[in-house]
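**Q** Reminder that position 45 of the sequence shown reads as 45 in the UniProt record's numbering, one-by-one numbering, no gaps.
Careful: at least some of the hints might be erroneous.
To be verified - FRET-style restraints, in silico, Cβ to Cβ:
no., residue 1, residue 2, range
1, K70, E112, 17 to 23 Å
2, K70, I49, 26 to 32 Å
3, S69, D90, 35 to 41 Å
Keep in mind that the hints were calculated from the coordinates and are not lab data.
For glycine and all other residues, C-beta sits at the position ideal for the given N, C-alpha and C.
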Amino acid sequence: MYIGPHGHVVIVDADGNAETFGLMDGGVDAAITAYFGSQLQERVQQNIIREYLGEQPVGTAFVIETGNSKHPWLVPAPTMRVPLIIDGTDAVYNATRAALLAIFQHNKSAGEDRKITSVALPAMGAGCGQVPPGQRRPANCTDIAPPDIPSSH
1 MYIGPHGHVV IVDADGNAET FGLMDGGVDA AITAYFGSQL QERVQQNIIR
51 EYLGEQPVGT AFVIETGNSK HPWLVPAPTM RVPLIIDGTD AVYNATRAAL
101 LAIFQHNKSA GEDRKITSVA LPAMGAGCGQ VPPGQRRPAN CTDIAPPDIP
151 SSH
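From just these sequences and the hints, can you work out the full model?
**A** This is the structure we're talking about:
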C-alpha cells in the first residue's frame with residue numbers, strides 16, 4: 001500500500017509472488033513502480049531480503065519511505081505466496097491486519113507530521129486470488145484497526 005496526500009494509505013494487493021518477493025511489475029504493483037520508479041521496488045526487495053531472508057510471508061507487512069513528498073509511504077502486505085485462488089481463506093484478513101499493525105507500530109514512534117492518519121483499502125485478492133467484491137476487505141475492519149486510525153467503508 002502507499003500513503004497518499006494527507007496521510008491516506010492504499011494497500012497494494014500482492015497477486016501471486018509479486019509482493020512476497022518484492023517483484024512489483026504487475027497490476028497495481030506495476031502502476032506504483034511506474035509512478036515512483038524502480039528505486040522503490042529495489043528498496044522493497046532489499047528490505048525483504050534483510051528482514052525476511054528474501055521472501056516476505058503472508059500475514060506480515062512493513063512501512064517503507066517512497067522518497068516522494070506527496071506520497072511518502074509504501075506498505076507491502078502480501079495476500080498470497082504464489083498465484084492461487086484465495087477465495088474462502090483468511091488471507092485478505094491476515095494481510096489487512098498485518099498492514100494496520102505495521103502502521104500502528106510506525107505511528108507509535110513517528111512524529112506528528114509523519115503519522116499515518118487514514119487507511120483506504122483497494123480490492124485485496126481481486127486479481128488471480130478471485131476474491132469476490134464483498135470479501136476483498138475484512139467486513140469488521142473497524143475491529144482490527146486501532147481507534148486512532150480510521151478505516152474506510
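**Q** Using the Cβ atoms, figure out if K70 sits within 17 to 23 Å of E112.
**A** 19 Å, holds
**Q** Hint says 26 to 32 Å; check whether the CB-CB distance for K70 and I49 agrees.
**A** Between K70 and I49, where Cβ atoms are some 28 Å apart, the hint holds.
**Q** Holds or violated: the 35 to 41 Å window for the beta-carbon distance between S69 and D90?
**A** 36 Å, holds
Consistency note: the structure conflicts with none of the earlier hints.
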